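Chemist: Taken in order, these protein sequences are the chains called D and X. The first sequence lines up with residues 6 to 124 when you count with this note's numbering. The second sequence lines up with residues 34 to 154 when you count with this note's numbering.
Hints were generated in silico from the structure; no laboratory data involved. Fair warning: there could be bad hints in the mix.
In silico DSS-like links for lysine-lysine, alpha-carbon gap of 25 Å or less [said to hold, decoys possible]:
| id | chain 1 | residue 1 | chain 2 | residue 2 |
| --- | --- | --- | --- | --- |
| 1 | X | K95 | D | K93 |
| 2 | X | K90 | D | K115 |
| 3 | X | K46 | X | K111 |
| 4 | X | K95 | X | K84 |
| 5 | D | K54 | D | K115 |
| 6 | D | K54 | D | K35 |
| 7 | X | K39 | D | K115 |
| 8 | X | K116 | X | K143 |
| 9 | X | K84 | D | K115 |
| 10 | D | K93 | D | K7 |
| 11 | X | K90 | X | K143 |
| 12 | D | K93 | D | K35 |
| 13 | D | K115 | X | K116 |
| 14 | D | K7 | X | K95 |
| 15 | X | K111 | X | K90 |
| 16 | X | K38 | X | K143 |
| 17 | X | K39 | X | K116 |
| 18 | X | K90 | X | K46 |
| 19 | X | K116 | X | K46 |
| 20 | X | K39 | X | K143 |
| 21 | X | K90 | D | K7 |
What follows is a list of derived Cβ distance ranges for each label pair [as the list claims (entries may be wrong)]:
| id | chain 1 | residue 1 | chain 2 | residue 2 | range |
| --- | --- | --- | --- | --- | --- |
| 22 | X | K39 | D | S24 | 45 to 53 Å |
| 23 | D | H37 | X | K95 | 52 to 60 Å |
| 24 | D | R102 | X | E126 | 14 to 22 Å |
In this text, all values refer to a predicted model and were calculated from it rather than measured experimentally. Idealized CB from N, CA, C, for every residue including glycine.
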Amino acid sequence: MKFGIVVNEGPYQHQASDSAYLFAKAAIEKGHEVWRVFFYHDGVNNASKLTEPPQDDRHIVNRWAKLAEDNKIDLVVCVAAALRRGIKEENLAQGFRISGLGQLVEAGIKCDRLVTFGD
Amino acid sequence: MSDAKKFMFVNRKAPYGTIYALESLEVVLISAAFDQDVSLVFLDDGVYQLKKGQQTKGIETKNFSPAYRALEDYDVEKLYVEKEAMEARGLTEEDFLVPITVLSRAEMGKLMDEQDVVLSF
């Protein structure tokens with residue numbers, strides 16, 4: 006099955022990004038495809054390369070980037086939501102790209118399931 | 034469009050205080066450009082998003098409620114309000130700034146079941 010994932014909450018504050026990541030990983034392990042992850046609302050903060058968690062904690066940003074690189078997942082950050090929150094090309098972590106809300110709608114059209122994480 | 038899907042946007046939060054309502058509206062407007070079958074649902078505190086006479090000066094926030102009136106120009110005409118949520122907040126059909134269809138919670142569940150994509154904000 007082809008999955009699209011939507012992440013609507015920022016990292017560390019909220020379980021949503023962790024749950025989305027674990028869901029994506031589990032889906033891939035079961036042989037499914039994760040086609041795109043779309044970061045919206047505070048979810049755009051998952052893409053900041055300025056993120057520096059303590060060393061004994063998970064690195065949410067790098068973890069997404071690695072999963073995406075290993076499995077060819079398109080990590081898209083909503084431009085309007087990103088600009089509101091100070092996420093721009095210059096502080097965007099590797100593996101992510103900034104694009105428009107059309108990418109979210111496209112994921113809804115092209116994927117068998119679109120799964121949302123967040124309140 | 035042959036691959037048109039049924040998109041439903043579920044609005045559950047009050048218009049101000051969080052950004053969910055505004056950012057939901059932004060996706061709705063974009064999705065309309067993709068020629069999909071779009072419907073909007075308002076339940077819980079989300080019913081306040083459509084309330085007439087919103088005044089936001091006091092909280093120094095943009096009043097984006099006029100944008101709901103523009104939805105019609107984008108051919109987004111399926112707006113549903115949950116009866117139970119509306120009544121619990123002392124609202125009636127006359128309180129909304131655009132034409133809406135009132136559905137019971139059970140009817141709403143049935144409508145959700147018919148959708149291809151449900152995005153909840």
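Chemist: Next step is simple, just say for each hint if it's right about the structure.
Modeler: Cross-check of the supplied hints:
1. X:K95 with D:K93: Judged against 25 Å, a Cα distance of about 23 Å means the pair holds.
2. X:K90 with D:K115: With a Cα-Cα distance of about 41 Å, the restraint between K90 (chain X) and K115 (chain D) is violated, given a limit of 25 Å.
3. X:K46 with X:K111: holds (19 Å)
4. X:K95 with X:K84: holds (15 Å)
5. D:K54 with D:K115: violated (29 Å)
6. D:K54 with D:K35: violated (30 Å)
7. X:K39 with D:K115: Holds. K39 (chain X) to K115 (chain D) sits at ~13 Å (cutoff 25 Å).
8. X:K116 with X:K143: Within the cut-off at roughly 14 Å; holds.
9. X:K84 with D:K115: violated (35 Å)
10. D:K93 with D:K7: violated (29 Å)
11. X:K90 with X:K143: Violated, at roughly 39 Å.
12. D:K93 with D:K35: Judged against 25 Å, a Cα distance of about 34 Å means the pair is violated.
13. D:K115 with X:K116: Violated: K115 (chain D) and K116 (chain X) sit about 33 Å apart, past 25 Å.
14. D:K7 with X:K95: violated (38 Å)
15. X:K111 with X:K90: violated (30 Å)
16. X:K38 with X:K143: holds (17 Å)
17. X:K39 with X:K116: OK: K39 (chain X) and K116 (chain X) at ~22 Å, within 25 Å.
18. X:K90 with X:K46: Satisfied, since the Cα-Cα distance of roughly 20 Å is no more than 25 Å.
19. X:K116 with X:K46: holds (16 Å)
20. X:K39 with X:K143: holds (14 Å)
21. X:K90 with D:K7: violated (45 Å)
22. X:K39 with D:S24: 45 to 53 Å: violated (26 Å)
23. D:H37 with X:K95: 52 to 60 Å: The hint (52 to 60 Å, Cβ to Cβ) is violated, given that H37 (chain D) and K95 (chain X) are roughly 41 Å apart.
24. D:R102 with X:E126: 14 to 22 Å: For R102 (chain D) and E126 (chain X) the Cβ distance comes to about 44 Å; the hint is violated.
Hints 2, 5, 6, 9, 10, 11, 12, 13, 14, 15, 21, 22, 23 and 24 from the list above are not met by this structure, while the remaining hints are.
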